[in-house]
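Protein chains in written order, with the working numbering: chain A, 1 to 160; chain B, 1 to 160; chain C, 1 to 160; chain D, 1 to 160.
Incorrect hints may have been included.
Said to hold, decoys possible - In silico lysine-lysine, BS3-like type, Cα no more than 30 Å apart, as pairs: (1) B:131 / A:159; (2) B:51 / A:131; (3) A:159 / B:98; (4) C:51 / A:51; (5) C:98 / D:51; (6) D:51 / C:131; (7) B:51 / A:159; (8) D:131 / C:159; (9) C:159 / D:98; (10) C:98 / D:98; (11) C:159 / C:98; (12) C:131 / D:98; (13) D:159 / C:131; (14) A:98 / B:98; (15) D:159 / D:131; (16) A:98 / B:159; (17) C:51 / D:98; (18) D:131 / D:98; (19) D:131 / B:51; (20) B:98 / B:131; (21) B:131 / A:98; (22) B:131 / A:131.
As the list claims (entries may be wrong) - Distance ranges between label pairs, derived from CB positions: (23) B:65 / A:132: 53 to 61 Å; (24) C:144 / A:153: 43 to 51 Å; (25) A:153 / B:131: 43 to 51 Å; (26) A:151 / B:57: 26 to 34 Å; (27) B:132 / A:47: 36 to 44 Å; (28) C:31 / D:131: 24 to 32 Å; (29) D:69 / C:59: 29 to 37 Å; (30) B:131 / A:47: 30 to 38 Å; (31) A:47 / B:93: 35 to 43 Å; (32) B:62 / A:144: 33 to 41 Å; (33) B:90 / A:132: 51 to 59 Å; (34) B:62 / A:59: 58 to 66 Å.
Claimed, not checked - Covered stretches of chain D (chain C as the covering partner; in silico rule of three or more C-beta atoms under 8 Å from a C-beta of chain C): (35) 33 to 41; (36) 128 to 141.
Keep in mind the hints are simulated off the structure, nothing from the lab. Keep in mind the model is a prediction, meaning the values are calculated, not measured. Using N, Cα and C, we set each Cβ at its ideal position, and we do this for glycine too.
4 protein chains.
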Amino acid sequence: MFIRFISTGGTIDKIYFDELSEFEVGDSQVQHILAEALAEFEFDIVPLLHKDSLDMTDDDRRMLHDYIVGDDVDRYVITHGTDTMQETAEALRDLENKTIVLTGALSPARFRTTDAVFNVGMAVATAQVAKPGVYIAMSGQVFEAGTVRKNRSDNRFEKI
Amino acid sequence: MFIRFISTGGTIDKIYFDELSEFEVGDSQVQHILAEALAEFEFDIVPLLHKDSLDMTDDDRRMLHDYIVGDDVDRYVITHGTDTMQETAEALRDLENKTIVLTGALSPARFRTTDAVFNVGMAVATAQVAKPGVYIAMSGQVFEAGTVRKNRSDNRFEKI
Amino acid sequence: MFIRFISTGGTIDKIYFDELSEFEVGDSQVQHILAEALAEFEFDIVPLLHKDSLDMTDDDRRMLHDYIVGDDVDRYVITHGTDTMQETAEALRDLENKTIVLTGALSPARFRTTDAVFNVGMAVATAQVAKPGVYIAMSGQVFEAGTVRKNRSDNRFEKI
Amino acid sequence: MFIRFISTGGTIDKIYFDELSEFEVGDSQVQHILAEALAEFEFDIVPLLHKDSLDMTDDDRRMLHDYIVGDDVDRYVITHGTDTMQETAEALRDLENKTIVLTGALSPARFRTTDAVFNVGMAVATAQVAKPGVYIAMSGQVFEAGTVRKNRSDNRFEKI
Chain A
1 MFIRFISTGG TIDKIYFDEL SEFEVGDSQV QHILAEALAE FEFDIVPLLH
51 KDSLDMTDDD RRMLHDYIVG DDVDRYVITH GTDTMQETAE ALRDLENKTI
101 VLTGALSPAR FRTTDAVFNV GMAVATAQVA KPGVYIAMSG QVFEAGTVRK
151 NRSDNRFEKI
Chain B
1 MFIRFISTGG TIDKIYFDEL SEFEVGDSQV QHILAEALAE FEFDIVPLLH
51 KDSLDMTDDD RRMLHDYIVG DDVDRYVITH GTDTMQETAE ALRDLENKTI
101 VLTGALSPAR FRTTDAVFNV GMAVATAQVA KPGVYIAMSG QVFEAGTVRK
151 NRSDNRFEKI
Chain C
1 MFIRFISTGG TIDKIYFDEL SEFEVGDSQV QHILAEALAE FEFDIVPLLH
51 KDSLDMTDDD RRMLHDYIVG DDVDRYVITH GTDTMQETAE ALRDLENKTI
101 VLTGALSPAR FRTTDAVFNV GMAVATAQVA KPGVYIAMSG QVFEAGTVRK
151 NRSDNRFEKI
Chain D
1 MFIRFISTGG TIDKIYFDEL SEFEVGDSQV QHILAEALAE FEFDIVPLLH
51 KDSLDMTDDD RRMLHDYIVG DDVDRYVITH GTDTMQETAE ALRDLENKTI
101 VLTGALSPAR FRTTDAVFNV GMAVATAQVA KPGVYIAMSG QVFEAGTVRK
151 NRSDNRFEKI
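My request is simple: use the sequences and hints to build the entire structure.
Spelled out as structure tokens, the structure:
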């Protein structure tokens with residue numbers, strides 16, 4: 001079983017330097033999360049983008065789409081900013097014979113309290129057991145692409 | 001979507017008092033894990049047993065089996081000690097039309113570094129997306145009951 | 001033994017909402033830190049300011065100074081942003097018969113990895129055992145006011 | 001400024017393996033605590049004993065005493081089990097011209113929630129600013145040797 005992780009930026013990877021600095025997107029936290037999880041499967045991590053999801057463009061989504069089309073892997077976990085996760089999921093829906101799970105975090109993985117670890121756990125399981133398709137794993141739930149939105153005022157993902 | 005969590009004890013729920021005390025099984029950590037995960041689905045937690053899994057008997061497994069048979073729920077996550085998790089999974093294999101996922105932890109959920117959060121994340125996703133059956137979610141992987149063993153010397157779960 | 005904590009803002013109390021939000025100063029983390037420390041002494045927390053220390057003005061320092069002059073307490077721990085902590089310490093140096101310790105954090109207390117807890121521990125001990133005066137507790141060290149600067153490039157406090 | 005840390009065992013350094021193992025004393029957590037604290041002073045760590053403090057004998061205390069007598073350092077932080085910390089503090093009271101601070105933890109440093117980090121912060125500050133003598137830094141307070149006891153039922157240190 002092999003999973004390819006693609007990191008694109010977003011809150012999950014945010015880091016903080018000090019008062020003069022902004023809160024910035026850092027390296028993928030997936031490796032640390034899998035190490036702490038005592039995970040024992042084959043994987044790699046491809047850092048494709050490094051953006052807040054509000055800054056993600058159609059070109060970025062096309063690039064991601066084309067990357068996966070041309071790539072010889074069956075299972076993907078894509079870490080992504082939460083604000084446009086559903087748009088990116090939609091942009092990947094035509095991909096066939098691949099199980100693609102988007103996840104991220106509402107608070108950074110480097111925080112003492114974060115949803116990142118649980119979310120990546122959900123995504124890793126979904127990539128293994130779900131039938132091919134595009135999914136979003138957030139708010140304790142696994143949604144199919146096209147059936148979910150982020151409710152910003154309540155800070156959660158929910159079924160449309 | 002409703003998930004019933006059944007806690008049976010094991011390392012995941014271990015607590016430590018002080019030098020005169022042993023390390024003991026405490027209350028289920030599932031509620032804290034789901035709160036930190038910002039999970040937004042319906043669930044409850046049934047504390048059925050409170051044991052190290054090495055102390056679990058055939059009677060305990062029969063009781064757990066009968067509880068689920070007589071219970072009107074489709075999705076279960078059972079937290080369980082790791083040493084005999086596969087035996088309990090086997091004992092539940094004849095149950096039909098239910099998605100049952102056993103998980104636990106190699107280090108306690110109260111530790112600063114623990115696999116518990118990730119594992120419960122995997123189990124919650126598996127309970128939602130897998131077809132009915134009995135599964136073990138450990139070591140970053142989702143195994144079907146009967147295909148997995150704990151490798152004690154390497155401290156991990158692996159396919160038989 | 002009574003310690004009055006005065007919170008003024010700074011990295012120690014920073015919180016993060018989500019991608020649309022900035023990293024903002026939240027409520028004082030001192031209460032959580034003392035609870036986790038199992039601290040058993042009398043204290044209160046006075047939230048006097050709520051600023052990055054780079055935004056702190058001479059008026060702010062005068063207000064803090066006058067607050068302490070008119071206040072009937074012997075021991076203070078002031079949580080403060082790190083960038084101008086030494087200026088504020090200087091501004092308080094003429095205060096007599098009081099033990100005043102400034103501390104803060106180079107990474108937020110809400111982070112999984114933070115110097116905040118250790119620093120508040122140093123400050124609480126210094127407020128108890130040091131002779132009256134103004135101190136800065138950072139980088140594992142207790143400095144007297146006027147003998148210390150923040151080395152921004154190395155991200156640490158050091159003796160002048 | 002140089003501090004010598006002497007580790008003797010106790011809850012602060014406890015580790016947990018799995019269900020077949022006991023909770024055992026592991027390596028000193030001081031190095032990890034100082035790294036996270038971004039501490040910038042010279043120190044070393046001498047692992048002298050590896051015991052629950054209830055197992056500590058008069059011979060152990062004599063050995064610790066003689067070690068410090070023959071050692072050319074002014075500031076010590078001794079990590080120690082909490083149950084007999086005050087006996088060891090008493091046994092060191094005749095040492096002159098040295099600042100010796102005993103500390104430890106009521107819950108292990110490896111726990112997600114622990115008093116260890118704060119306590120070591122208090123001890124490090126006390127070793128720097130207190131006049132020579134023997135101190136115990138626990139429960140948010142710095143006590144002089146001979147004035148403190150552990151209240152086991154309330155799980156705290158308090159003035160006699």
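Could you tell me which of the numbered hints above are not met by this structure, giving the numbers in increasing order?
-> 2, 5, 6, 7, 17, 19, 23, 25, 26, 29, 33
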